[in-house]
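Model the full structure from these sequences, guided by the hints.
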Amino acid sequence: MNRKKYKKPAVVGVYPRKLLFFLVVFSLSFAAFSYFNNNRIGADQIGQDNIYNGEDVNVEVEVKSDGSIFVDNKQGNYKVNFLNDADEIRIKILDNPSNYIDNFALNLKLPSPVATETKHNILAIHGVTRSYSEAVDSSTIAYYASDIAPTATITIVAAMPKGTINPSLIEKLTKSVSSLEFSFWVYLVLILPAIAFIGMLVFIKFTYRINKVDNPEKAISSPPMAIPPALVGVLYHQRVTPREVAATLVDLALRKDIYILDRERGFAFGKGKFDQRLLGYEKLLLSKIFKNNMSASQEYLQQKIQNQVYSKKVSMVSAGIYAIATRLGYFRQNPRKIHAKYWLFGTVAMLVGLAGFAMSFITKTLPSFTAFFWVGMMISALVIIIMSAYIPMRTELGNEALSNWLAFRKFLADPSPIEYSPTVFQLFEAYLPYAIVLDCEAAWSRRFMDHTFTIPDWFITDKNGLGIEDFCLALFPIVSYVGRSLAAMREPGFE
4 MNRKKYKKPA VVGVYPRKLL FFLVVFSLSF AAFSYFNNNR IGADQIGQDN
54 IYNGEDVNVE VEVKSDGSIF VDNKQGNYKV NFLNDADEIR IKILDNPSNY
104 IDNFALNLKL PSPVATETKH NILAIHGVTR SYSEAVDSST IAYYASDIAP
154 TATITIVAAM PKGTINPSLI EKLTKSVSSL EFSFWVYLVL ILPAIAFIGM
204 LVFIKFTYRI NKVDNPEKAI SSPPMAIPPA LVGVLYHQRV TPREVAATLV
254 DLALRKDIYI LDRERGFAFG KGKFDQRLLG YEKLLLSKIF KNNMSASQEY
304 LQQKIQNQVY SKKVSMVSAG IYAIATRLGY FRQNPRKIHA KYWLFGTVAM
354 LVGLAGFAMS FITKTLPSFT AFFWVGMMIS ALVIIIMSAY IPMRTELGNE
404 ALSNWLAFRK FLADPSPIEY SPTVFQLFEA YLPYAIVLDC EAAWSRRFMD
454 HTFTIPDWFI TDKNGLGIED FCLALFPIVS YVGRSLAAMR EPGFE
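With the sequence shown counted from 1, adding 3 to any position gets you this note's numbering.
Watch out, some of these pointers could steer you wrong.
[As the list claims (entries may be wrong)] List of simulated lysine to any residue pairs, SDA-like, C-alpha gap at most 25 Å: (1) Lys122 x Asp69; (2) Lys307 x Tyr262; (3) Lys112 x Ser136; (4) Lys466 x Ser298; (5) Lys208 x Leu347; (6) Lys274 x Ile230; (7) Lys307 x Arg330; (8) Lys286 x Glu302; (9) Lys165 x Glu120; (10) Lys291 x Gly332; (11) Lys274 x Ser483.
[Said to hold, decoys possible] What follows is a list of derived Cβ distance ranges for each label pair: (12) Met297 x Leu193: 17 to 25 Å; (13) Gly359 x Ala108: 40 to 48 Å; (14) Val139 x Thr350: 52 to 60 Å; (15) Tyr135 x Tyr190: 15 to 23 Å; (16) Thr350 x Lys221: 53 to 61 Å; (17) Tyr190 x Asp453: 52 to 60 Å; (18) Ala197 x Gln336: 24 to 32 Å; (19) Leu430 x Gly359: 56 to 64 Å; (20) Arg212 x Gly79: 54 to 62 Å; (21) Asp217 x Val355: 37 to 45 Å.
Hint data in this document are derived by calculation from the structure and do not stem from the laboratory. Ideal Cβ placement from N, Cα and C applies to all residues, glycine included.
Have a look at this one:
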């Protein structure tokens, strides 16, 4: 018998890891393009272009000691370029004027009397007959040009002695950051997530050491306590996974609250007696599946999943399981709240990283390749969100309970066959939900391979002669598909 595969429908908003992967690829591509594109254009032109028109143009430029630059008494966006041996000013002051200019004159007022020590030049191209620059006095440099065509471009350059400008702390930091090699920022994309991964790994290992769970040497052949499979699963995984949802469906079927129908094309669920002793999260799960209907087909469930990004009911299923496990004393704090804290921290870090990534291209204060830092920050945030699920949160009572359930898991995963008895398959069914949440359903099923299998009355199929392997190949994909689909609909913070 071929295993059925139920393809999960694409639901917008429930694939955060894939979304982040493509976001990172796009970010890296965009950053690389911007970096090389900026280098090709020429990054030595700093500030905004000014256009002057008229027969004679006179411009006054003053440089303050902190590096701010005023053009005709108005502060501009020009910046001082801090070189290794000089503090350079480079301003494109004329760019394609609308008509001919007979004479152009610019006086550059320096912050200190260093004009004679300043290397100055005027770059006049594309239609300038004559241009030159000279030191007028100890703190002023004059730039002159004549017969300027409408296509001309004039840039003034003044390389003052190193230390003439006393930049602010922000300017100093900006210079230090800008001086770093491009390869350094590329390495940050790998270094930052690696630091986050190693840090979380060390923290998890340390926490496991002080919250050690005893690994039992002997197996026990029956559940150590009568609690629902979903609670065993959250104790084992420390979070509600699709397995807890799948095991709850099988457990409800064992109690005749639902029936599982295996069809030639697809599957369906049918309502059973709906015991009034259902737990709160079980009622919510059934309400999500059936609503007011007596049955729920695969097509019906797929339609519900496709029409919703997040489901409050499914979120409350997880919340209900976490709440009961916490009340039983298995966790120091509700795992949902702990997961929500890490999720919130990681989400804020990702948003900050995304904002920083965008600002690295919008503003010109820092080189655009600093965007790699923000990409590394976003990946690090995702690492923290994912690894936070493995931080031990159990109490001493929870560790003791888990140790008992691990002893029962040894029995479920034992490779030796189960001896035949008239109730052998009742045993298989009763422990199957626990095997699912303890990640050993395949091993548990193999223990019954030598016996003639009888299909449970809660599993309805038109196929005859199904063995236990065929039964598992029919059942597991159904409950796995529903578990994964519903788990993906949980609101952020309820994972």
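Now for the hints, and whether the structure bears them out:
| no. | hint | verdict |
| --- | --- | --- |
| 1 | Lys122 x Asp69 | 20 Å, holds |
| 2 | Lys307 x Tyr262 | 20 Å, holds |
| 3 | Lys112 x Ser136 | 13 Å, holds |
| 4 | Lys466 x Ser298 | 20 Å, holds |
| 5 | Lys208 x Leu347 | 23 Å, holds |
| 6 | Lys274 x Ile230 | 23 Å, holds |
| 7 | Lys307 x Arg330 | 32 Å, violated |
| 8 | Lys286 x Glu302 | 22 Å, holds |
| 9 | Lys165 x Glu120 | 10 Å, holds |
| 10 | Lys291 x Gly332 | 28 Å, violated |
| 11 | Lys274 x Ser483 | 19 Å, holds |
| 12 | Met297 x Leu193: 17 to 25 Å | 55 Å, violated |
| 13 | Gly359 x Ala108: 40 to 48 Å | 43 Å, holds |
| 14 | Val139 x Thr350: 52 to 60 Å | 59 Å, holds |
| 15 | Tyr135 x Tyr190: 15 to 23 Å | 47 Å, violated |
| 16 | Thr350 x Lys221: 53 to 61 Å | 45 Å, violated |
| 17 | Tyr190 x Asp453: 52 to 60 Å | 58 Å, holds |
| 18 | Ala197 x Gln336: 24 to 32 Å | 29 Å, holds |
| 19 | Leu430 x Gly359: 56 to 64 Å | 58 Å, holds |
| 20 | Arg212 x Gly79: 54 to 62 Å | 60 Å, holds |
| 21 | Asp217 x Val355: 37 to 45 Å | 42 Å, holds |
The structure fails to meet hints 7, 10, 12, 15, 16 from the earlier list, while all remaining hints are met.
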